[in-house]
Structure formats: structure tokens, C-alpha cells
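Dock the two chains into a complex; use the hints.
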Amino acid sequence: MQDDPHRERLFEPPEEELEHHRSRLWLSHGVTLSVLLVAVLNPVSLERWAAANPPSWAVETVRLTVGVWSERMQMAGLDAPRNWVDERWQDIKRTGWEDLFPEEAPEEDTPDAAQTPQ
Amino acid sequence: MLFPTLTFGVFFLLVLSMAWALDRENGRRKLLLLVASYVFYGWWDWRFCGLLAASSIINWAFGRVIGSMPASPLRALLIILAILVNLGVLAFFKYYGFFIENLAEALTQLGWQRDLPLLQVILPVGISFYTFQGISYIIDIKRGEADHRAGLVDAMLYISFFPQLVAGPIVRAKDFMPQLASAPRISRGAVTLGLLLIIWGLFKKTVIANELATGLVDPVFYAPGEYGGLDRLFAVYGYAVQIYCDFSAYSDIAIGCAALLGYRFNRHFDQPYRARSFQEFWRRWHISLSTWLRDYLYKPLGGSRGGEFGTQRNLMITMLLGGLWHGAAWTFLAWGLLHGLALALERALGLARPGRSVISLVITFHVVCLAWILFRSPDFATAWVYLTDWRFIADPVQLLSPALAGLVVFGLAMHAFPPRGIEFLAGAMARLRSPTIAVSAALLFTLIDALRPPGIAPFIYFQF
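Protein sequence lines correspond, in order, to chains D and H. Going by the working numbering, the first sequence opens with residue 114, and the numbers climb by one from there. Going by the working numbering, the second sequence opens with residue 100, and the numbers climb by one from there.
A couple of the hints might just be wrong.
Listed next, the in silico EDC-like pairs over lysine to aspartate or glutamate satisfying Cα-Cα at most 20 Å (straight line) [stated by the list, open to error]: (1) H/273 - D/199; (2) H/129 - H/317; (3) H/398 - H/369; (4) H/273 - D/116; (5) H/273 - D/117; (6) H/398 - H/244.
What the hints contain is simulated information worked out from the structure, not anything from laboratory work.
One chain only, chain H, in its complex shape (with noise of 0.2 Å):
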């Protein structure tokens, strides 16, 4: 079930007015979000719902057992032993295929060729953000962030709560799981920001996202040296634009769809492309990983206490398990390295302090849509003749249009919209009557729904 169909606006609404209609009876109201949740990622593969509970019920259990016991070598024990079923789980199912065809493309370079089982194994949609809950389930319990005694149903519904549950933003066990504790009430503020960033999110995924992977930045990366300097340059413009529009607009849906049902999510993108400093583009993009990435890897890897070189190597380490989160393949892992590297050379050279000018905007930019380029490459031949073969360079434009040239700019303009407006409108917005707000909303629904594109590609980070 996508967001941006009618399907999921019929489902949602139904959730919405019953959800609403049990807002005094707040077991019953879990129950239904989790009956919800569950009905909503069924919608995929309903094979998968049984993972989902065995991977929820398993850390209710642990964090059960973890928060009732004294600190004591067997819990620590147990604590490993959690995070190592999740990351089992995640590492079968992302991660087997990957790593038998590389072993046996490496045993046949030694001449030790062997049949090894592989094995076709689907991906489950949202697996990676699910686990990384888990673990922040285990690991809040560990340091007392979480309550241990919290109900199945609740950690259940943490795990699978259906805005959040394929895409993210990853929310933690202490910021959820309170909120869990009482029904919700809910003000008209939440009620607003909420419906805004529904409208914002489905603008621009449908509309921008959809136009500009179609357009242009699919058939140049499939085929790049067909194409123009004009073209390419614009793709990978474009892909930045894209990929940013396509992962915050999921994020600011799932973030409207909790606030209209009374929770709170956190920020998940703050205008990324305005970062004059790698360090503050990872704290304005997917803030939800950096952030799981710096609390619950860097910082236990010793973070910055272990001089220059343990800096740089737990930085390296984050940055290229970051990478390979994203998805079983070198062009993910060089991804990762090209961040890590850039943070290095940045901490190195005293490049990340605050105050820098717009030429470090530029440079930043620039670096990050080189790495986008091995992002979105499928792989690094596809990579390096986007990145060497010029020769057609000088050819005409033969797919950016200046429609399309013009989606590019106005998402790259995004950036320069004042940091805080949606929350401003929002609060304006609160003020006003009922019919007011239908009206607008209904407008800016038939607004989108024809400026978009027929049909609706999934979103981008759905492969993770």
C-alpha cells in the first residue's frame, strides 16, 4: 500500500475515524492501530506479517528479561545476544546473497571453486528500519531509557507502527513508547502541521520525485554515455532533487499521519543541501539514522574520546556501516567511504566549524552529488562512465526539458524557504475555521492529483 494512492487514503481514514472514536479506550485504540499496521504491511506480502511479529515478540522478551535483571555478565550477555538475533535476521535477508556471491567469486579467483547454496531470498519491505527499532528497543531498555515492563501490544505497535514501519523516520523506544502510556489529545496545531506536511510530502514526491526520475534521471543513469554533458549534469542534479523529495516526502507523510493520530514524531530532514560541512549535512539528512548511527555505533565504538586515529577510525566504521545499512552492494559501500573520507578530511583540515561561507555550500553539494552518482549507479562500470566517458559531450539536450530544468531549480530553491515556515503556516493555519481548511486542503489535493504524473513509482528508500 503506497502513500500517495487512493487506496491508502480510503484505508487511512478508516483508521483515522476509528482510532478517534476509541480515543477513551486507549487498549482498544492499540490494538487497532496494531491490527492496522499489520493489515497495512500485509498489503505487500502478507508472508512477511509473521517475521514482523516473531521479530517484535522476540524483543518485548528480551527487553522483558534485560530491564528485570541487575547488571551482571548474563545480562550483558543477553543484551549481545538480542542485538545479534536482530542483526541476524537483517544480515540473512539483505545480506546472504550478497555475501555467498562475492565468497564464491573470491574462492574462484584462488582456484578453489565450490558450490555454495545460494539462495533467491526476498527482501522484506522495511526490514533494515524495523531492526534498527529493535535494537534501540534493547539498547534504551539497557540504559534505562525505556520501561521493560511496557506491554506486548505497545512494543509490538512501537516495532510495526504502520506510518513509520517501511520507510522511517527509525523512532526510538524512549520517544514512542511514552507516548503509548495515555490516549492521545490532540490540539488543532498538530491537527494542521499534520495535514501540511501530508500536502507538502505528497507535492513532492508525486510531482517533482515521479516527474524527474521519468524524465530524466532514469534513462541517464541506465545508459550515460548516450547522453549530452547537459543532460548528465542535470540527472545528477535532478537525482539529488529527486532522492530528496522521494525520502522527505515519505518522511513528512508518515511524520502527518502520526500527528493526525495524536503521536509525535521527530524532524526527519532539515533542508540538507543548505549543509555548508559534511558534518552538517548528516545532521539535516535521515536524521534519524545519523543520529541511531552516532548513539548506537560511534559513540560505543568510543566516539571522539580515543584520540585523532580512534576518531578517524569509528568515524570511518560508522560512515561505511551506514553505507552498507542502505543495501548489499560495493557501490553502497563506496557511498559510505566517500562520507567517511569527506568527514575525515573535514575534521582533519577544521573544515566543520559553524560561520563558513557559501562557497563551502557549493563544494558540499557538489561532493554529495558525486557520491550520489554511486548511489544511484547499479553498479561501478555504470558509475565510471557517467563519471570518464565523454564522448558525447557536446551533443544537444535530447531529455532535459525546461519544465524539468525548472523542477530542478525549484527543488534546489526549497532550500533557500525559510527554515521554519511550515510550522509557522501551520500555526496560522490553526486559527481558522473548519471549512476554511477542508476547502484549502481540498483544493491543494485536486492541485497535486493533476500535476502528477499517470501511475506512482514505490519510493526510493523502500529497498532498504
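Isolated chain D, as found in the complex (with noise of 0.2 Å):
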């Protein structure tokens, strides 16, 4: 193995079996609890999975379950932080260098004192 302290702190096995079994267990709630957030916050990316997925009986049971969950999700307005993310990185990739540096216009000829008109 490489010699590497800082990763090698972080593989120690534990001296005993039961922080093993603490560790299983945390390591399984967080996964689950991030996969359920995940499709809480994210259900767009669950349709296009199924849509992109060649049809069967199976992916069309999945998209059509997926579709009305992300229906729901997104009528509780779930997908709305997602979605200002998305705007927002669309935003900015659209910006041009002449939106982040105009050009600046010409200054309008204003007509001189002595020429106007009393």
C-alpha cells in the first residue's frame, strides 16, 4: 500500500465489533435518508431516466409511478430550489462578454451653447 497517513487514519478498522455495527448503521441511515431526499428535492431526474430508458413493461410501470410522484413533488413546489438552481446556471452561461463588459454608447451630440437659439 501507498504510504499515505492521511487516508490510512481514515481506513483503521475498528478495534471492536461493535463500532463495525455503528458504523454499518450509520452508513445505512444516511444512504437511506439521502436517496429519500434525493428524490424529494430532485424528482426530475427520476423522469428522465425512465424516459430515456427503452420501453418495457417494467420502465413504463417506473415512469408512469415516477411521474405522478414528481407531479405531486412538484405541485408541493419540492423542486423549486433545484429549479432556481437551473435557472440560474442557465443565466449565467448564456452571459456574454459584452453583458459582462457594454460597450459604451456613444455620447449623444448635445448642441453647443452658442449655437442654440436665444
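And the structure:
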């Protein structure tokens, strides 16, 4: 193994079996909750995934289920943060150099005071 | 099955939960991981599962025999045979077409035109990686660093373990096989490091690498002569960032997935563009390949023991073969040659000593970028146009937008991050409660998914 003390410390196996079980439980809880939250906050990606797969009985079932789920999440406004980020990112990508450094418009010719009719 | 897809996400969650459900039965756990690895590989083309299995079984059988024999000429012959079998498979699938095409052309030039048996050989995904692992298995057994009594399942799992199967890192038998001896015990530190590496890898691949590839690098390298100087300059910098983010992302996700399953892989990238010499660059870039080439090619050739000429020759052979490992094309060979020349020159002039200035960093980075032009160009003609056709040099930018320029700058600025920042963060996060970790991970996954462009390009190193 590479000599890498920073990583070695993290991979040090727990001394007791109980500690291993706690870590495993910690991992399962974390992953399960994270998956649920992603499904709530990001239903669009589930819909995209179902739509991208070749049609079959199973895929169609998933697509319909995901469609209903996604609609419910949208109605509750839970997809709003994701959409907000997406829209801002698209705005940033559309921004051109001319938007950042707009060329100054030539100054309009103002009538000279001397020429102004009295 | 690509890493940054929901299909892989579902697959990995299933494997992860089943693997930890079997954490008291190491034998069944390994069998599960082996089956999962073949499902993962067969997702591309199930026909190549046979080749993978044959390669694993042959290496296992050779290892068994070689390990049980005392040192003798027959043993040496068997070792050479085992290495030749591995290289033969690689040569056929990867270099046959290239060799025949060039041979036919050379014969035509000499006026001896012949109809040579040209075959359209499909390149099995990841063949370069698992062939090198097979060779590592044989040599580690020969050196007594790996146990030849390992079971068939262990040997097969070592060669086909799905996180690193198709694009590395190239894992050594002596590093991985002892980890299979008993069911792994997991720590919170390894879990958080795994999660962080997966999230960081997804960000680098889907947001930075993909955006730069589609928006800047691919169009400019397709027709370099049609773009102005700034577009071309940033396309090279962009490619340097893209290939780093693409390949290191794959490695990070692979190392992260393995960590969640309880196994440890070595670090594969270490902020390569911080390097102040080529020697340092190769200590930070594609570490598993550079150390493999050092230990199994450069040193057996004689390393630096044969005087200055011998060292330079060994260096050049190693880098040329390292270039050719990437693909059957003259451009890869030229890329390897350029790196070999740079290393040789550095050595001859004594420029590789530590403590060099920032100017060395800038020079090293730009020579690396010059070599990337050869690496990325489909042929020498395109590379030549890229470097010499400056008709439109003064043209205004067509592709480079502030967002793309920002991604290039960010990709380079990453190299100024604290070198062991991710380990520090993992250590700190390991003390948090699981709901906090879950919410943070879910928010980051959602953020990355919102930023990524639709669709996903395959990883660059899949073609190797």
C-alpha cells in the first residue's frame, strides 16, 4: 500500500465489533435518508431516467409511477430549489462578454450653448 | 453502465446493501461482488465477460503453478509465458488493426503491396487496465509479494472488481488481495471519505469536464483552423482541465465506491498541475500507471543502474510504451516520446531537484499542455494545424464564454486547494450524526444534478 498517513488514519478498522456495527448502521441510515431526500428534491432526474430507457413493461411502470411522484412534488413546490439553481446556471452560461463589459454608447451630440437659439 | 447515471446509482445501492448484509460471510460476500462485477461489465457487451473470465482463470492458474515451484529455468519460462499471454491478448485486441494498417502501408511504399488480413476488432472496455492487473498478479507472486494459494474467486474478483474494472486505478495484487482474506470492518472515516470522493468526482465529471468538452474543447479540436487564438488557447487549457477532471473523477468515484464497500485503493491523482518538474508530474498524474511502469518495466530494464546512457534509454523506452498503452495511434507514441524527452532533458540538466520556483511550474504546465495537443488530436495533421495555422489568430472569440473561462480557471485553481483537504473534511464529518450527513449529501447531489448538462459523455479513459 502507498504510504499515505492521511488516508490510513481514516481507513483504520474499528477495534471492536460493536463499533463496526455502529458505523454500518450509520452508513445505512445516512444512505437511506439521502436517497429519499434526493427523490423528493430532484424528481426531474427520475423522470429523465425513466424516459431515457427503452420502453418495456417494467420501464413503463416506473415511468408512470415516477410521473405521478414528480407531479406531486412539483405541486408541493419541493422542486423549486433545484429549478432555481438550474435557471441561474443557464443564465450564467448564456452571459456573453458583451454583457459583462458592455461597450459604452457614443455620447449624443449635445447642442453647443453658443448655437442654441436664444 | 456509466458511473454518473441513475442506473449505476441503483445498481450500486443494491450491491452495497447486499454486501453489508453478508458481512459475516466473507465467501458469499466475495461471490456477490464477483457476480456484480460481471453484471457491471456485461452491461456494455456481455460477450466480453468470457474474455475477462478467461484472462482471470489463466492468470490464476499460472500464479498457482509459478508460486508453488522453486526458482528454476522452467519457472522463469512460465513467468515469461504468462506475461506473453497477457500481452498477446492486449496486442490482438488493441494493436492488431494498427499494426496491419501500418504494415500494409509500409509494404505499399516499398512496392510490395500485399492483401493483409485486416480485421475489425472491437476493443473490449478496460482491457488495458485488467491486463496490467493480470501481469501484476503474476509478478507479485513471482516476487513473493502475493499469495499464490489464493482461491479462484479471489483472483477473479481482484481482476474484475467493478469500481476499478474499466478505467482504473490499476490495483496491485499485493495491495488488494490481502484485503479479501476476511470480511472488511468499516469505520466512519472511510464512509465519509467514500461519500465525499463520490460527490467530488460527480461534480468534476458532470459539471466541469462535460461542459468544457461540449462547449469548447470538442469543437475547437475538430476544426482548429477555424477558431481564433483565444479560443484555441483556452481549448488547450480547457482540455488540460477536462482530462484531469474526467479521469480523476472516475478514480475518485472508484476509490469512493470501494471505500463504501470496505476496501482501500491507493490515491490516483495528487493535484498534478502543481508539479514543478516532469518527474514530479508523473508522481502526481495517473499514479497507478506511473508506478506500475516504474516497478514492472523501468526497474526490470535496469532502472538508473546502467549509467547515464542506460538510464536515459530505459526512461525513453518506458515513456514510449506508456504512450502506446493509451492507444494504437502515432499521436500517443509522440505524446510518450515528448514526455520521455522532457524527463531525459530534465535529468541531464539537473532540473528535477525539489524546491524549484513557480516559473518551473508554469513551464512544466505549458509543456504538458503542448503534449496534450498531440494526445487529443485525432492525427498529426490536426495537431499541426492547431500549432501552426494562425490565419484567424486575431479573430474574435466564438466559443469561449465567461462561464467556460470560469470553469477553466476553477479547474486550474483546484490545484491550489489544500492538498489533503478532502481527508481533513472526511475526518471532521465522521463526527457528525447520520441525518446531517444525509441532508448534506442529498443537497450536494441535487445541486450537481441541476448544474450538469443533459446526457453524459463516456469517460475519456474508457477507450484505453
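Each hint, compared with the structure:
1. H/273 - D/199: Violated, because 46 Å separates the two Cα atoms, which is more than 20 Å.
2. H/129 - H/317: Distance of about 41 Å is beyond 20 Å: violated.
3. H/398 - H/369: At roughly 23 Å apart (the allowed maximum being 20 Å), residue 369 of chain H and residue 398 of chain H break the hint.
4. H/273 - D/116: Roughly 14 Å separates the two Cα atoms, so the pair holds.
5. H/273 - D/117: 16 Å, holds
6. H/398 - H/244: Distance ~16 Å between residue 398 of chain H and residue 244 of chain H Cα, so the pair holds.
Checked against the numbered hints listed earlier, the structure breaks hints 1, 2, 3; every other hint is satisfied.
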